[in-house]
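Peer 1: Order-wise, the sequence lines are chains G and C.
Just remember that the working numbering sits 874 ahead of the position in the first sequence, which is counted from 1.
Just remember that the working numbering sits 552 ahead of the position in the second sequence, which is counted from 1.
Incorrect hints may appear among the rest.
[What the hints assert, rightly or not] To give an idea of the interface, some chain G residues facing chain C are shown, with a C-beta separation under 7 Å as derived from the structure:
no. : residue
1   : L917
2   : G925
3   : A928
4   : D937
5   : F939
6   : S940
7   : L965
8   : F980
9   : G981
Bear in mind the hints are in silico, worked out from the structure with no lab data behind them.
Positions of the beta carbon are idealized from the N, C-alpha and C atoms, including for glycine.
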Amino acid sequence: GAGVSQSPSNKVTEKGKDVELRCDPISGHTALYWYRQSLGQGLEFLIYFQGNSAPDKSGLPSDRFSAERTGGSVSTLTIQRTQQEDSAVYLCASSLGPGTRTEAFFGQGTRLTVV
Amino acid sequence: TQLLEQSPQFLSIQEGENLTVYCNSSSVFSSLQWYRQEPGEGPVLLVTVVTGGEVKKLKRLTFQFGDARKDSSLHITAAQPGDTGLYLCAGEGEYGNKLVFGAGTILRVKS
Chain G
875 GAGVSQSPSN
885 KVTEKGKDVE
895 LRCDPISGHT
905 ALYWYRQSLG
915 QGLEFLIYFQ
925 GNSAPDKSGL
935 PSDRFSAERT
945 GGSVSTLTIQ
955 RTQQEDSAVY
965 LCASSLGPGT
975 RTEAFFGQGT
985 RLTVV
Chain C
553 TQLLEQSPQF
563 LSIQEGENLT
573 VYCNSSSVFS
583 SLQWYRQEPG
593 EGPVLLVTVV
603 TGGEVKKLKR
613 LTFQFGDARK
623 DSSLHITAAQ
633 PGDTGLYLCA
643 GEGEYGNKLV
653 FGAGTILRVK
663 S
């Protein structure tokens, strides 16, 4: 597609339920990032993919969070047993890859609300 | 692990004032980018600086890359309410590592 696409744009879920957030990066972009942003705050790094592998998953806050990427394209961020503190906007970004000095393109984000 | 620290974290100023946002690291970056995020949108690239000591201007915004390529600054002259948003710096590691983002500076310009 023309840009990074994230779905759903909004998700309201009950505490304890699992959620899946999807990111479709720009075609050909090998690098993919997931960030979390609480209301009125900066970015919190979650995980970085290069191709299908995740060389840096140091930002995942707990073992309830996991992510995968298949075919070097679509990525899914899964949050199990959601908690209210998981409520935030989850942003995905993609770029051509390391060493290219090219910009990261962000999606519009998924606003997750845990009630 | 390469880290980028931004300061200040929050900044609230009156229209017409000048401001500077700083981005610092102990690591060397091959390039550094500045992004701006408006409410409800994803961050969008403003500029990329590559050479140590480089200065780039974008209207009232001046971006500088430190001589040692470890730090950068963004200076806004005569801020306007339309400048309100989150400003992020991001560095690409010297050896082609992943892009590292600072946590951001939230700027509010009051009219």
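Peer 1: Decide, hint by hint, whether the structure agrees.
Peer 2: Results of checking the hints against the structure:
1. Given the 7 Å rule on beta carbons, the hint for L917 of chain G holds: about 5 Å separates it from the nearest Cβ of chain C.
2. The beta carbon of G925 of chain G is not positioned within 7 Å of any beta carbon in chain C (closest approach about 12 Å), and the interface hint is therefore violated.
3. Of the supplied interface hints, the one on A928 of chain G is violated, with its beta-carbon coming no nearer than about 11 Å to a beta-carbon of chain C, more than 7 Å.
4. Hint status for D937 of chain G relative to chain C: violated, with the closest Cβ pair at about 20 Å, above 7 Å.
5. With a least beta-carbon distance of about 18 Å to chain C, the hint placing F939 of chain G at the interface is violated under the 7 Å criterion.
6. Contact between S940 of chain G and chain C, as hinted, is not supported at the beta carbon level, the nearest pair being about 19 Å apart and thus beyond 7 Å.
7. Checking L965 of chain G against chain C: minimum C-beta separation of about 6 Å stays under 7 Å; hint holds.
8. Annotation: interface hint on F980 of chain G holds; nearest CB of chain C at approximately 3 Å, less than 7 Å.
9. With its C-beta approaching chain C no nearer than about 6 Å, G981 of chain G sits inside the 7 Å limit, and its interface hint holds.
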